[in-house]
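Peer 1: So you can see what is in the structure, the chains are spelled out below.
Number of protein chains: 2
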Amino acid sequence: MNDVELWRELGQQLRVDAIRPAARAGSGHPTSGMSAADLMAVLLAKYLRYDFDRPHDPHNDRLVFSKGHASSLLYAIYRAAGAISEEELLSFRQFDSVFEGHPTPRIPWVDVATGSLGQGLPYGVGMALAGKRLDRLPFRVWVLCGDSEIAEGSQWEALEHAAFYALDNLVAIIDVNRLGQRGETMHGWDLDSYAARARAFGCHAIEIDGHDLEAIDRAYAEAVEAEGRPVVIVAKTVKGKGAKEVENRNGFHGKALERSDEIVAELGGVRTLRVEVAKPDTSAPRHAFPAGGPLELPRYPLGETVATRKAYGDALVALGRARGDVVALDGEVSNSTYAEEFRDAFPERYFEMYIAEQQLVAAAVGMQALGWRPFASTFAAFLSRAYDFIRMSAISRASYCLCGSHAGVSIGEDGPSQMGLEDVAALRAVHGSTVLHPCDANQTAKLVAAMADLEGIVYLRTLRPATPVIYGPDEEFEVGGSRTLREGEDVALVGAGITVHEALAAAAALADEGIEARVIDLYSIKPLEAQTLRSLRCPIVTAEDHWPEGGLGEAVLAALADADERPPVVQLAVRGMPHSGKPAELMAEAGIDAEGIAAAARRLVRDQVSAS
Amino acid sequence: MNDVELWRELGQQLRVDAIRPAARAGSGHPTSGMSAADLMAVLLAKYLRYDFDRPHDPHNDRLVFSKGHASSLLYAIYRAAGAISEEELLSFRQFDSVFEGHPTPRIPWVDVATGSLGQGLPYGVGMALAGKRLDRLPFRVWVLCGDSEIAEGSQWEALEHAAFYALDNLVAIIDVNRLGQRGETMHGWDLDSYAARARAFGCHAIEIDGHDLEAIDRAYAEAVEAEGRPVVIVAKTVKGKGAKEVENRNGFHGKALERSDEIVAELGGVRTLRVEVAKPDTSAPRHAFPAGGPLELPRYPLGETVATRKAYGDALVALGRARGDVVALDGEVSNSTYAEEFRDAFPERYFEMYIAEQQLVAAAVGMQALGWRPFASTFAAFLSRAYDFIRMSAISRASYCLCGSHAGVSIGEDGPSQMGLEDVAALRAVHGSTVLHPCDANQTAKLVAAMADLEGIVYLRTLRPATPVIYGPDEEFEVGGSRTLREGEDVALVGAGITVHEALAAAAALADEGIEARVIDLYSIKPLEAQTLRSLRCPIVTAEDHWPEGGLGEAVLAALADADERPPVVQLAVRGMPHSGKPAELMAEAGIDAEGIAAAARRLVRDQVSAS
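If you read the protein sequences in the order shown, they are chains X and D. Heads up, the first sequence is in our numbering, so the first residue is 114 and it goes up one at a time. Heads up, the second sequence is in our numbering, so the first residue is 114 and it goes up one at a time.
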């Protein structure tokens with residue numbers, strides 16, 4: 114067989130193998146794989162540089178199925194590459210199979226989970242950026258996109274950043290099969306509409322017939338020669354290509370094909386082609402940044418006032434000095450989050466992601482997939498913009514750090530749009546996440562250091578205002594720990610961040626009235642140290658600069674839910690919509706300042722007395 | 114004064130009035146207002162059609178400050194229009210003022226809150242779409258955008274949809290002042306980069322010098338003549354324009370100007386120009402859709418099995434028939450959410466938003482601002498994509514309905530990317546929200562009807578699989594209520610959605626063992642009917658198809674937190690990362706099926722016995 118004949122056969126094999134697993138499972142998206150089969154055949158046979166025996170080799174190209182629902186096509190590729198068996202292919206979507214409905218890194222050759230559309234390309238940008246700027250290796254990132262998902266704004270954030278950072282190692286292949294889940298896309302087969310947009314965004318766009326194998330070959334040849342610009346291949350394809358019954362017809366998205374045996378026969382039957390995928394040139398070493406020596410964290414004298422966001426910046430620099438794998442990214446607010454300190458100290462390892470929080474998080478996810486340890490920062494409130502990416506990155510089994518500054522009403526005059534008031538709820542509800550909320554600068558520094566070694570998504574919540582340094586620089590803070598700042602048996606005041614200081618002031622005021630309040634700094638909101646809480650025998654006041662739902666208060670309640678002793682808990686939180694004002698005014702209005710905490714404690718203690 | 118002289122004076126007044134309130138407050142973004150002052154002067158004096166005495170008149174143009182941080186400029190406009198006093202202007206950012214750091218609808222002339230960048234334009238698209246297709250009035254929507262915020266993907270979702278829907282009543286004005294918060298934007302003063310992108314997206318783009326008053330006038334004249342395409346005016350401006358000390362210099366974002374008196378003097382001092390803003394032509398009536406008659410909800414016979422998502426679609430059609438103000442939007446999954454039923458019944462009131470969840474929610478927010486009652490639907494998981502828009506819409510005091518389908522592991526084979534497992538946590542943590550999760554079709558229909566009259570953001574969580582109809586079609590379900598489905602004093606099983614059916618099966622199994630389990634359907638997760646829960650004197654098992662954080666279980670714990678009796682609660686929820694598999698397999702693995710619930714109940718009852 115000559116090349117074209119091989120590619121044709123391979124394309125048919127991939128098509129057939131995209132159909133069969135779905136037919137066996139009774140569900141899946143075979144028609145979405147069939148449209149892209151020829152595109153993938155030529156890629157696999159000629160252009161991809163990948164060692165399937167060494168999926169974590171940093172020299173490998175990366176292949177991302179942004180249209181993750183075409184997963185059976187991806188698994189068909191693995192079979193053609195000899196990486197998986199017929200049985201594995203046919204285990205598709207079964208309970209005990211890693212070959213799920215949408216790809217995840219449970220499969221060795223998958224770097225990032227997809228399935229929420231418009232995410233593969235932003236992750237690809239993160240990997241391509243790492244390839245250019247961090248790894249400094251000539252691998253290429255190939256991203257197969259659907260046409261429907263180009264409507265997601267995140268795709269344009271991705272192309273914008275790819276062009277800005279001159280990522281000519283990134284190739285997006287748009288499989289324009291015209292049909293989305295419920296009907297035609299906005300642009301149908303108008304390839305120009307995609308190409309014109311991509312060009313305007315600074316990409317090199319190539320329009321082809323996605324079933325013309327020689328045209329595909331020429332497009333890839335052009336793509337690998339591109340310099341200075343990311344490449345977007347806009348390929349006109351036919352959904353369900355090759356099966357007359359469903360070809361280019363609406364109503365066959367996300368459905369296993371009936372009469373699949375006949376359709377497989379129509380496509381020429383089951384094949385057993387095995388492609389020798391070219392391995393990458395592994396001669397160039399992966400770049401490493403000079404770093405070393407013991408970690409020397411910043412030290413803040415007791416009694417000074419320092420914002421925890423400032424301590425984040427300081428500690429991140431210390432971490433960057435000790436560890437060459439630490440990188441930082443920020444969403445155009447580095448002078449507020451203090452990520453700018455890292456930028457100035459290690460400009461090669463800092464990435465400005467501008468006001469594009471989805472791409473900010475996606476870049477971090479892409480970079481961690483290649484072994485880097487990213488710290489991505491913005492205002493806590495604006496992490497909500499990237500919540501779907503954070504959610505998906507848990508499915509990616511990603512490990513990276515997020516910092517959200519400007520938590521709660523304590524930011525003051527800027528008003529509610531800038532106040533993170535749902536970030537703890539949102540980040541707690543991410544599988545395997547860690548949620549930390551320090552109250553002073555030394556504690557922040559220690560926690561930043563700890564973050565770098567944790568698995569999963571690690572979130573640090575920092576404060577805008579400067580707060581007193583209450584911990585010495587040599588104190589240690591365990592993730593999953595808490596700190597009892599004051600002993601007392603009448604009532605326990607539990608806070609984190611700004612409310613720790615308010616609780617301390619409340620306890621002092623209560624002591625004057627003869628009420629002994631215990632004060633607990635619950636800086637590790639997830640994981641939460643339950644034992645201290647479960648050993649309490651007095652009523653509890655929780656105070657948080659956050660909505661009452663899903664925050665520190667509910668985390669405390671969950672820790673106590675089935676305890677033998679369950680003292681009453683009063684949850685102080687922000688219950689009214691805040692507005693502009695001075696931090697102290699807003700804390701008082703929300704009832705989470707010292708006075709509010711003391712008042713709640715007083716009521717609880719009185720209730721206890723009157724009940725006994 | 115001729116026009117140009119007037120505009121020049123007005124521009125200087127707006128500049129001065131953007132500076133003064135910030136100087137008084139000691140914070141704010143005066144330089145961001147100064148760049149756009151000339152653009153706004155010409156708009157106000159000649160093009161805006163607005164009756165400040167009747168802000169809710171449907172004939173009014175709409176003015177949205179997408180760059181919400183330039184709020185002092187907006188308030189300066191109100192002063193120039195005679196809508197607010199000098200004192201009100203200078204109350205900027207004070208605790209008791211509605212003139213906050215970022216605009217909110219506490220101010221009568223503000224339709225939507227801004228301050229999270231990249232949102233004003235998508236909201237504007239919603240309003241312009243309502244103007245064209247719903248109100249059918251010739252008002253225009255003017256959106257002032259910053260240049261930094263064009264990096265947000267949501268802006269491109271907005272322009273894509275604006276062009277697709279031919280919104281020639283939408284004018285985006287991009288204030289290209291080159292400088293973001295921490296430095297230069299990606300594109301600096303390269304106006305072409307913005308214009309080329311906008312044109313590629315199908316908009317009519319006009320490039321001007323944003324301080325050339327005659328050029329501004331010509332651009333607006335061209336904009337109001339545009340046909341069939343949205344207009345994007347790309348204006349080169351100077352940040353801090355007019356104040357030598359800060360003009361075009363980095364480091365002056367988000368800072369009140371020092372020596373403001375001297376700068377005001379440099380700008381010619383305080384002025385008291387009063388602009389007579391032209392009022393809109395109110396002769397055309399606002400369109401209303403024919404509707405009426407009593408609401409006739411679908412009725413499902415007891416014992417049938419019907420998916421709650423199907424009942425959503427059925428009920429929405431019934432609602433649409435009874436009420437002409439109800440409109441529906443969906444993110445390209447209407448055949449899954451069943452919004453397609455509304456589309457087919459009322460095509461004029463249905464809006465396909467394609468795979469662009471941010472624009473989906475933003476369009477709903479824009480439409481409700483004009484008095485429509487939107488129901489926006491997608492998979493529950495994908496609402497996470499729009500979380501920042503949902504968060505901000507609470508600050509907008511918006512009232513609209515969201516439906517998230519495909520909740521939890523009960524969806525089965527598609528895997529975790531498609532499973533809504535954090536949606537309850539995320540939506541609970543939205544100020545003033547309502548979170549409903551029905552378990553059967555009749556209950557769903559009743560709740561859909563109730564949703565249409567609620568204030569705030571109302572979320573309905575629906576299921577993929579068909580579930581048995583357990584409630585008769587005449588039962589009523591109060592928002593804020595619960596339903597006790599089975600009496601029992603040994604243990605209480607509390608669920609919602611799919612877990613109600615599992616709890617009923619568990620109770621039946623437990624009864625065979627002599628354990629009497631009470632079963633509570635907590636369909637209204639927020640607001641939550643606390644009294645039933647607080648009256649329980651037996652241990653409680655909560656079961657939810659959701660992560661343990663922030664969901665039904667924690668809502669129950671919060672309701673019990675300070676109760677006199679606090680029985681032990683065991684929270685069953687999805688604790689491991691799910692994957693593909695059959696719904697029953699996945700429910701069992703998570704321990705939230707009948708067997709898992711029964712086992713937890715059994716343990717609790719035994720513990721009680723052994724403790725007593």
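In case anyone wonders, no lab produced these hints; they're calculated from the structure. There could be a bad hint or two in this list.
In this list, chains with the same sequence are indistinguishable; a pair is considered to hold if it fits within one copy or across any two.
In silico lysine-lysine, DSSO-like type, Cα no more than 27 Å apart, as pairs [unchecked claim]:
#1 K357 / K245
#2 K357 / K368
#3 K357 / K423
#4 K368 / K159
#5 K423 / K159
#6 K695 / K159
#7 K392 / K368
#8 K159 / K245
#9 K392 / K357
#10 K695 / K423
Every value quoted in this text rests on a predicted model; they were computed, and no experiment measured them.
Peer 1: It remains to establish, for every hint, whether it holds in the given structure.
Peer 2: Here's how the hints hold up against the structure:
1. K357 / K245: Neither. Shortest intra-copy (44 Å) and inter-copy (41 Å) distances fail the 27 Å Cα cut-off.
2. K357 / K368: Close inside one copy (16 Å), not across copies (65 Å); limit 27 Å.
3. K357 / K423: neither (63 Å within a copy, 31 Å between copies)
4. K368 / K159: neither (31 Å within a copy, 56 Å between copies)
5. K423 / K159: neither (51 Å within a copy, 47 Å between copies)
6. K695 / K159: This pair counts as neither: shortest intra-copy Cα distance 63 Å, inter-copy 38 Å.
7. K392 / K368: neither (35 Å within a copy, 55 Å between copies)
8. K159 / K245: Only inside one copy: K159 and K245 sit 23 Å apart there, 51 Å across copies, limit 27 Å.
9. K392 / K357: Neither: 37 Å inside a copy, 60 Å across copies.
10. K695 / K423: within (20 Å within a copy, 49 Å between copies)
The earlier numbered hints that this structure contradicts are 1, 3, 4, 5, 6, 7 and 9.
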